[in-house]
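A.B. asks: For the protein sequence lines, the chains are F and S, in the order given. Under my numbering, the first residue of the first sequence carries the number 1, and numbering increases by one thereafter. Under my numbering, the first residue of the second sequence carries the number 1001, and numbering increases by one thereafter.
Hints should not be assumed to be uniformly reliable.
[Unchecked claim] Below, a sample of chain F positions facing chain S; criterion: calculated Cβ distance under 8 Å:
#	residue
1	Ser11
2	Gly15
3	Leu17
4	Phe22
5	Leu26
6	Ala35
7	Ala39
8	Leu43
Rather than coming from a laboratory, the hints here were simulated on the basis of the structure. Every value quoted in this text rests on a predicted model; they were computed, and no experiment measured them. C-beta: ideal position from N, C-alpha, C; glycine also.
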Amino acid sequence: MNIFMMLAPMSVFLGLLGVAGFWWTLRHDQYDDPAGDAARILLDGDDDRPL
Amino acid sequence: MALIEELSSAPDHSAFLRPGAGGRPALELLVKGARCAGCMSKIERGTADLAGVAQARLNLTSGKLTVTFDDTAHADPGAVVRLLDRLGYPATPYDPGLACEASDREGRRLVLCLAVAAFGAMNTMMFSVPLWAGLFGQELGPATRVVMQWWCALVATPCVLFAGRPFFESAWRSLKARRANMDVPISIGVLLTLVISFSETLQHGRDAYFDAAVSLLFLLLIGRWLDHQLKLRARSAAGDLLALQAPAAVLIGPDGAERRTPLSEVQVGDLLIVRPGERVPVDGLVESGATELDNALLTGETMPVSLRPGEVCRAGALNLTGAIRLRALARSEDSAVAAIARLVEAGAQSRSKYVQLAERAAAIYVPVVHSAALATFLIGWAGGLGPREALLRAVAVLIITCPCALGLAVPAVQISASSRLFRRGVLLKSGAALERLAEVDHVVFDKTGVLTEGRPALIGAGGDEIALAARLARASLHPLAKALAAAAGPGPRADDVVETPGQGVEGAIDGRRARLGRAEFVGAGSAAALETELWFGFEGAPPVRFQFSDRLRPDAAQTIAQLKARGLAVSIISGDAASPVAAAAQAAGVNDWRACLTPVGKCAIVDDLQAKGARVLMVGDGLNDMGALARAHAAMAPGAALDASQNAADLVFSGDNLSAVVEAFDIARQARRLALQNFGFAAAYNLVAAPAAMLGLINPFLAALAMSGSSLAVTLNALRLRSRR
């Protein structure tokens, strides 16, 4: 039971990390132009920040 | 006489500038045809190299180009549009408006809720699996069970409260308006489930449904998100009717100076100048100058109309050959274009009353489920169960019948139909449009630009004359000259070209004077001066005749035959003269046709048909069709149509194939069949599951299984639409 009480919060915490990461990508407009982002990597000398 | 230089003057787009990042003026353009990294780099670099442009950024997914200028004084939106045109990507400026931005925020919120619900569903499940095992006689002591249940509660409760907000808020709004939408039973079900689960956990019972509450929201949010995606696609597909009108008019002041004025400030009696290539801004009387007007989008007439001083021209017509001075006869909002815009508005209102399948299902579903749950509680209590046990059964009924399958049934079908249509080059603008299209039993076609290619093409003649005449033709905007130039392919222009409005062009080819135009202009005598022909001749030499006709689309006849084979009635309504309409109708195999119709006349015909009980699909492209497009039960427009007509239509098909109409109709019918199947499945599921819940046969494991199972079945059924054929 002790190991469970340690692992359960850890797994929930890792899940939360995932949600937080997703939230961050969402906040930074990373899903606004999937086709453009895929194409933009092929261009030279382009800044790769989403606008 | 109009000089060629004037042809290059383009409409003024400065009305579309708006303050962008850092207070600098920005322009948003909808760019057509950009598909790859190469296009993107060409467009962005080309635009950024223009004088006064600070930054250009293309969104390849939505096709929107945002151009930021250094300052207002040096901003020249016209230069950007001309450059894009030259690069081969036609662009329209548009006003993004607040609606689009707001809906984007709504979309993000849904995605975030979806992510939280997914996290909640997965992590609650981690603690639920031991609980389920306990239900089936595996070793699980009461102490461990309570610990697991508390863990479930800890993870699920915040997730439910966060991810459920879209439903709670919508339910609250609808309750305040004294109505009950689908979100009311969802919210009540979810919140009641949470409360009951807490009470069960506190009383060391076995029926805690934390996992059900959160996975329910997860499944429902998928449906909600798909629905939102469809709406978003619809909105970004819509253009702006005002983009069609010249956004500014050129006013001639009392001192003779020209001044650009916003359209809304033009008063009756103002003197305006309209150059070739511009659209007539308001209805007006010609004071001086002569030209030809392309009324195709206003009336559907194929041939340009010549215009002389003292005659009246309508707003929205395209000036082709010469500059004219106009005395404004109406203000912008009273002009012909604005009148058509009002027809569209009225049509859109009547169409918004359409009740979608899912709403109809919800109207039946909500009262039935709630009375069933209430009945379970009352009968259970009266029948000797304790209040706790009776309440548990009522909640089990609410959970098991919660409309996951129902909520997914329609959006899942519509999104797969929409992506299949998209692969065929048809853009669907709303889910409701698909349902309306499936109900259609009468198809009404416009002629010009829909059944026909909408532009004259050279027929018959051939030989060296084409190449020579094309040198003159390239200098003119006249549709016949353009057709001749297109038939000849790229080549040089003649020298010293002068265009006489309404007559033709004259210039020097290899040092010899030559003329291209009407019979009398070229000197062929007025033997048979048809509108659909051009004469070409060198000075002193006998002229040659070129004939043109607006060709029927190659698959028009076949498409109409296929529509008839599906039991649909077909008619043609056109603003063009009777003889070309009759010819096109005969060639296409349609007996029912009407010609010489005004935009209002087209609306009246569509209204009349619908009053007789027909459900009309209108297929049209011009401004004169817009009223009819907006009023018809469903509407389609070709991709070459005016942005404003595409706006009024439900579906837009690209490419030259009219057969897209048949395909779209077939897909709509299939989608309707699948949606009804899904409803049937959801009903059958509820017929089995609800009585089981009423009898208390449901435990948390079965609830989770039934819920995700039914949602999965409905989704897989919807996916069949993607793979068929």
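A.B. asks: Please go over all the hints and tell whether each is borne out by the structure.
C.D. replies: A quick look at each hint next to the structure:
Contact between Ser11 of chain F and chain S, as hinted, is supported at the beta carbon level, the nearest pair being about 7 Å apart and thus within 8 Å. Satisfaction of the interface hint for Gly15 of chain F is found here, the shortest Cβ-Cβ separation to chain S being roughly 5 Å, below the 8 Å cut-off. For Leu17 of chain F, the shortest C-beta to C-beta distance to chain S is roughly 10 Å, which exceeds 8 Å, and the interface hint is violated. Because the beta carbon of Phe22 of chain F sits about 5 Å from the nearest beta carbon in chain S, less than 8 Å, this interface hint is met.
For Leu26 of chain F, the interface hint holds, the least distance from its beta-carbon to any beta-carbon of chain S being 6 Å, beneath 8 Å. A cut of 8 Å between beta carbons decides the hint on Ala35 of chain F: the least distance to chain S is about 4 Å, and the hint holds. This hint holds: Ala39 of chain F has a C-beta 4 Å from the nearest C-beta of chain S, less than the 8 Å allowed. At its closest, the beta carbon of Leu43 of chain F sits 5 Å from a beta carbon of chain S; the interface hint therefore holds under the 8 Å criterion.
Violated hints amount to a single one, hint 3; each of the other numbered hints is respected by the structure.
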